[in-house]
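**Student:** Based on these hints, arrange chain R on the given structure of chain H.
Protein chains: 2
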Amino acid sequence: MNKKEKSPERKPLILVVNDDGINARGIRMLGNIAQEFGRVVMIAPNNGRSGMSHAITFALPLRLRKISHCEGLEIYKTSGTPVDAVKLALSHILKDEKVDLLVSGINHGSNASISVIYSATVAAAIEGCLHGIPSVAFSVADYNNNYDFESARTPVQKVIQAALENGIPPHICLNVNIPNIPAKEVKGIKITRQALNCWQEEIEARQYPADTPYFWMGGSLQGIDNEKDTDYWAIKHNYVSLHPINVDWTDQAMMQELKKWKIKL
Amino acid sequence: MNKKEKSPERKPLILVVNDDGINARGIRMLGNIAQEFGRVVMIAPNNGRSGMSHAITFALPLRLRKISHCEGLEIYKTSGTPVDAVKLALSHILKDEKVDLLVSGINHGSNASISVIYSATVAAAIEGCLHGIPSVAFSVADYNNNYDFESARTPVQKVIQAALENGIPPHICLNVNIPNIPAKEVKGIKITRQALNCWQEEIEARQYPADTPYFWMGGSLQGIDNEKDTDYWAIKHNYVSLHPINVDWTDQAMMQELKKWKIKL
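Chains as they are written, first to last, in my numbering: chain H, 1 to 265; chain R, 266 to 530.
Simulated from the structure, these hints should not be mistaken for laboratory data. Quick caveat: nothing in here was measured; it's all calculated off a predicted structure. Cβ atoms here follow ideal geometry from the backbone N, Cα and C, with glycine treated the same way. Among the clues, some could well be false.
As the list claims (entries may be wrong) - Beyond 12 Å from chain H on every Cβ pair, some chain R residues (computed):
| # | residue |
| --- | --- |
| 1 | N288 |
| 2 | G296 |
| 3 | E301 |
| 4 | S333 |
| 5 | E362 |
| 6 | K529 |
Said to hold, decoys possible - Below, computed lysine to aspartate or glutamate pairings styled on EDC-like, alpha-carbon distance capped at 20 Å:
| # | chain 1 | residue 1 | chain 2 | residue 2 |
| --- | --- | --- | --- | --- |
| 7 | H | K264 | R | E430 |
| 8 | R | K360 | H | D229 |
| 9 | H | K66 | R | D476 |
| 10 | R | K331 | H | E36 |
Chain H with its partners taken away, still in its complex shape:
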């Protein structure tokens, strides 16, 4: 299982990131698992940055601080977004090194279906992929503050092992969602497509004490796409979902359709 057995001269270098912040349990578990496979550099935002998607920071200065350096494990935190964290790692901290794998998470909450578009956990994996690094995002469909991420251990280990052994083609990264059930109840792993559901907002209006209005954004996922080949279906039915994402968002069929529009300038 450990890549050390295959290449004793050099351990794989694994970059570990997240969007729940450096103190989140999920990244500690992910770093712990990643250390079984190689040398780990961990970088994460100072605090939670969920829902930041692929946001980057260029109009403000970024802070970056090394907070721990043990044998085989360096830890950094930054004031930036999760994607900033990946950029700081690849273009500054590790600019002269080859990163063999990027793993993001383990996110506290599902990133299946349309959540891939809002998720900074997934965005961090996409950013790794854009830089040519095999990259995997991990999330658990749990929303309980006391969750210990133990049920995610085996799926995370198996996917990291398979990604290191098989590699991931250019422009593709992986999005793994794990159901929150005891490991022995997991039925297996399903290769899935992204369910095309929609996040339906509920906007709640309130008044500041000074009497001007403000708004809280809430909402729920509206499940219209619950086919058996989707990530949404898989985690609902106790499977781990393994969803391949391509960073080329072009719709090839629509390219042909648009030619019929015959726009003349």
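**Tutor:** Same frame as chain H, but now just chain R:
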């Protein structure tokens, strides 16, 4: 050209958003053009929110204020991100109305190639699309502060007209990039795919007066994918680029490939 001629009983309702902020010239031009086609509701962030991608705000309250209401033109500003602005418009301001078209921009700067992933102008169009609204993002490949957006007028008019006439299928939105050249020098419009280039960071380290370090993120697009069918090539060669984006990011071929990994839990 004006849809009023076709359906005198009801003008199309057009939602206009951007990421350069409510005072940007680009959104004023876009609102002005959209008014030729119907009733316009405009909403934008208080100030520039470039590079925010699909970020949303749920851990902080959002401000929203109507700043103008003339016949056929309502204008709002918000403390939220561009995607928040779309959500506030669709789920609060216009929750009981049918929006016929969402247009985003006109962004000051290209959103071709890999910039689609970082762009909040494009993200706002994706958000409209997720809500089932035909949505188009517009950007001009210009970086001069004095640019007046006049060269973008004809391409924007033509694409809005074509989108209203033809409609856009579900889960697809359009990303239009316009070269910064006089209108008469534009060679035409090209249906394109997204160039798969990479943004290469240059991180500049500085010291705060109090002696701790901080970092500025900069960089440049590395052009390895310059094929004739790309958005990147089109705007470099004086064409308007019309790129269809699908919000399903699944890589179908990789779904087959992943089955060969035979991961057993």
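**Student:** Would you mind marking each hint as holding or not holding in the structure?
**Tutor:** Status of each hint after checking the structure:
1. For N288 (chain R), the requirement that its beta carbon stay farther than 12 Å from each beta carbon of chain H is met, with the minimum near 16 Å.
2. Distance check for G296 (chain R) against chain H: the nearest CB is about 21 Å away, which clears 12 Å, and the non-interface claim stands.
3. No beta-carbon of chain H comes within 12 Å of the beta-carbon of E301 (chain R); the shortest separation is about 16 Å.
4. Annotated as non-interface, S333 (chain R) keeps its C-beta farther than 12 Å from every C-beta of chain H; the closest such distance is 18 Å.
5. Separation of E362 (chain R) from chain H is adequate, the least Cβ-Cβ distance of about 15 Å exceeding the 12 Å criterion.
6. Chain H draws K529 (chain R) into its interface by the beta-carbon criterion, the shortest separation being 7 Å against a cut-off of 12 Å.
7. With a C-alpha separation of about 14 Å, the suggested pairing of K264 (chain H) with E430 (chain R) holds against the 20 Å cut-off.
8. Note on K360 (chain R) and D229 (chain H): the hinted pairing is violated, with a Cα-Cα distance of about 32 Å set against a maximum of 20 Å.
9. For the given pair, K66 (chain H) sits about 16 Å from D476 (chain R) by alpha-carbon distance, which is consistent with the 20 Å threshold.
10. Between the alpha carbons of K331 (chain R) and E36 (chain H) the distance comes to roughly 56 Å, so the proposed pair goes past 20 Å and is violated.
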